[in-house]
Amino acid sequence: MRKCHKSFRADKSGQLLIVAALAIAVLISSTTMYVYELSQKTGSVKSFSVGDSILALKQETNNAVMSSLVNVSNGGEAAVLSANLNELSFTVSRLRYSGMFRLDFALLNDSPYDSGIWISWNTQGTGISGAYANLTLHTNGETEETTTHYTINTTTVLALNGSYIALSGEEKLVSLTLKLDKDGESAAVRDCALFYDDGGGWLYVNTSENLSVFDFGNGTYFFSFVVTTASNQLSVIAQVHDLRGVYVEASTTCSN
Amino acid sequence: MRRGDRGQIRIIEAFLAVVVIFSSLAISTNLTMTSHSVKRTDLESVGLQVMLKLDSEGKLANYVVSGDWSVLGKAIALVLPEGVCFNLSVYDNQLQRLNPDSISNGSFTSEDVAFVEYICTTRTSVFQCYILRLQLGLVVS
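Heads up: the protein sequence lines correspond to chains A and B, in order.
Position one of the first sequence corresponds to residue 1 (my numbering), numbered consecutively onward.
Position one of the second sequence corresponds to residue 257 (my numbering), numbered consecutively onward.
If we strip away everything but chain B, and leave its shape as in the complex, we get (with noise of 0.2 Å):
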């Protein structure tokens, strides 16, 4: 009987081991996952910030307007922070793709690349919509 007791001690042992070492498995796992989008979204959110900051000041459609992709390209490197790599394609309402070339700063080195759509529209008496899709990433060095 004293030998059968000892034999179910270290069944529970081993027991709490497996679940000691599951259980911190599933934590890590948990944790890198929720590290990774807490980025993509900070991404997301600079996108937009950037996209804000130029049609607040009435250049963004401007620009989409003249067809003047080139400045266009140079005013969101100019407003993006550093590090941040970035592709851009402009769009009327019925999604006629407006850019003939690509507008970018660059190419996607990283994994965690966020998508940002922005609506721009004109402020003058003729009201025209565009849909903006910005691709972001982090360059990786």
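Extracted from the complex, chain A is given alone in its bound form (with noise of 0.2 Å):
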């Protein structure tokens, strides 16, 4: 009887251990289950930190691509916007600490642009300088290694259309609207300069043409004048800085 007694105790000890044992490694599992969460987070946090710097490469990109448009639309040649971009590229690869990065581009050479670069001041009442350029962005970073490709197309259009009404003699009043737009959004004008052709050259408008101007507040400027000139058809040219620097200018024919 004592025999089977202490056979029964031990066989206990042994259940209990075996309890003991699974409530341990139930412990263990859920302990590390909560580690390996809080390292996936801390994962994240450090990807916030690469998507930052290439939110950051990409607002420099943007700089480098307007700071080309503002040179070559002023006069610049269009192989400054290759050069800049060259320069930017050389300037990410000199980071050290932030992850390695390598900035490619290629610049768009289909018509209407010409190493991305898009002139077009016409005689038709529209301006347009513009350019565009495709980049690919390597990150390796400690954990991961991205490629981001993106475009940054930035454009500045000028539209100029207008006519006269005859005043007495050789007088005309000529009335402008010009519209500013920026990457397809009204924009504001920096400065403007207005020429008109009276048949023997151009020549700039001031105040003594009575010239006033109107803004409307979204792009939208209008303008109107007095010249005296013979010929009926007056040319009218209107040279442009956004707030930006970047030069644009269009040319119409005003008629009565």
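Bear in mind the hints are in silico, worked out from the structure with no lab data behind them.
Mixed in with the good hints there might be a few duds.
Unchecked claim - Straight-line C-alpha distance at most 20 Å; calculated DMTMM-like pairs for lysine to aspartate or glutamate:
#, chain 1, residue 1, chain 2, residue 2
1, A, Lys179, A, Glu145
2, A, Lys58, A, Glu145
3, B, Lys330, B, Glu313
4, A, Lys182, B, Glu313
5, B, Lys309, A, Asp52
6, A, Lys58, A, Glu77
7, B, Lys309, B, Asp324
8, B, Lys315, A, Asp215
9, B, Lys330, B, Asp357
10, A, Lys179, A, Glu249
11, B, Lys309, B, Glu338
12, A, Lys58, B, Asp324
13, A, Lys58, B, Glu367
14, A, Lys182, A, Asp215
15, A, Lys182, A, Glu249
What the hints assert, rightly or not - Covered stretches of chain B, as calculated for chain A (at least 3 residues, CB under 8 Å):
#, segment
16, 263-277
17, 307-316
What the hints assert, rightly or not - Pulled a few chain A residues facing chain B out of the computed Cβ check, cut under 8 Å:
#, residue
18, Ile54
19, Leu57
20, Glu60
21, Met66
22, Asn84
23, Arg94
Heads up, the beta-carbon is just placed ideally off N, CA and C, and yes, glycines get one too.
Since each chain sits alone in its own frame, please combine them into the complex, following the hints.
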């Protein structure tokens, strides 16, 4: 009888050990899962930081393209865009501490673009200054490698149209409407110069021509001035800088 | 034989106790390291956000081009959260340091130091690239 009782106790002790081992296993598993989840959260913060870096580099690429367009539209060579992006790419390669970055670019050469630049200042009342570049940013971080493709496409478009009313003699009251768009949205004019052809050459329109300006506040401007010319077809040129400094000009012919 | 069984159970118990103790030590070490790295990465993110904010308004390049280092330091201090100290160095793309004196808002007292590297470019017709290296630390009171 005593032997049977002892044997039962020994069996019971074994069961308790199994239960204890299972409980410990569950504890260790749940702790491991918790630690794994924490490490995943840390990873997501790091990738957010890489995302910020990519965002920052995109902004600088945008600056490079914008700076090039300002330069080229003001008389610089189209090769400036390639030179500036090369300089940025070189600077990116010199980053040491926030991961390894490499910036590659390709300039659009399909018509109407030439080396990524589109300058079209025609006589039909429209002027366009634009730049276009395809970029690839390779990021080699501590934990991941990413490749980001993006495009920078920026344009400034000037639309000009006008007419005149004949006054006494050869005097004409000219009315011009000028509209400026930047990347498809209305944009403000930083400065504007108007010229008209009096038959002998281009003359600058100033206050002596009773020049008046009305700003509609949405990128649209109305100009009126009085000129004296015998010609029935009055050619007018508007030369404009937007707030970024991008130059664009357009010419149109005003009729009665 | 029964005495031998008892001995084996004690050995298993001791082994289990050792496993529990060592696993808890390993887990607590991991937890401490995780908490430190999150803090440092947060600082990196804060530093990048500060640079992005100043750069999006175009002020950053203006300060660098004009060489107005004290105003640049004040602008960064204004945008940074309270309790964060910084030290900034500005380089051209040949890695020549441009600021002769330190641009900072105090000395570092924390072991948690984050490092942010930022490229700043001009938007004017003359394109220039600069590298800004910003060190950030938490002020320990």
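Do the hints match the structure? See the list:
1. A:Lys179 - A:Glu145: 45 Å, violated
2. A:Lys58 - A:Glu145: Status holds; Cα separation ~17 Å.
3. B:Lys330 - B:Glu313: 16 Å, holds
4. A:Lys182 - B:Glu313: 18 Å, holds
5. B:Lys309 - A:Asp52: Holds, at about 11 Å.
6. A:Lys58 - A:Glu77: 24 Å, violated
7. B:Lys309 - B:Asp324: Given pair lysine 309 of chain B, aspartate 324 of chain B holds - Cα atoms ~18 Å apart, limit 20 Å.
8. B:Lys315 - A:Asp215: 28 Å, violated
9. B:Lys330 - B:Asp357: 14 Å, holds
10. A:Lys179 - A:Glu249: Answer holds: lysine 179 of chain A to glutamate 249 of chain A is near 12 Å, not above 20 Å.
11. B:Lys309 - B:Glu338: It holds: about 17 Å lies between the C-alpha atoms, which stays within 20 Å.
12. A:Lys58 - B:Asp324: 26 Å, violated
13. A:Lys58 - B:Glu367: 32 Å, violated
14. A:Lys182 - A:Asp215: 17 Å, holds
15. A:Lys182 - A:Glu249: Given pair lysine 182 of chain A, glutamate 249 of chain A holds - Cα atoms ~14 Å apart, limit 20 Å.
16. 263-277: Holds: 6 residues of the segment 263-277 of chain B have a Cβ under 8 Å from chain A.
17. 307-316: holds (count 4)
18. Ile54: Since chain B brings no Cβ nearer than about 10 Å to isoleucine 54 of chain A, farther than 8 Å, the hint is violated.
19. Leu57: 7 Å, holds
20. Glu60: 5 Å, holds
21. Met66: 5 Å, holds
22. Asn84: 4 Å, holds
23. Arg94: 6 Å, holds
Hint compliance for this structure: hints 1, 6, 8, 12, 13 and 18 are broken, all remaining hints hold.
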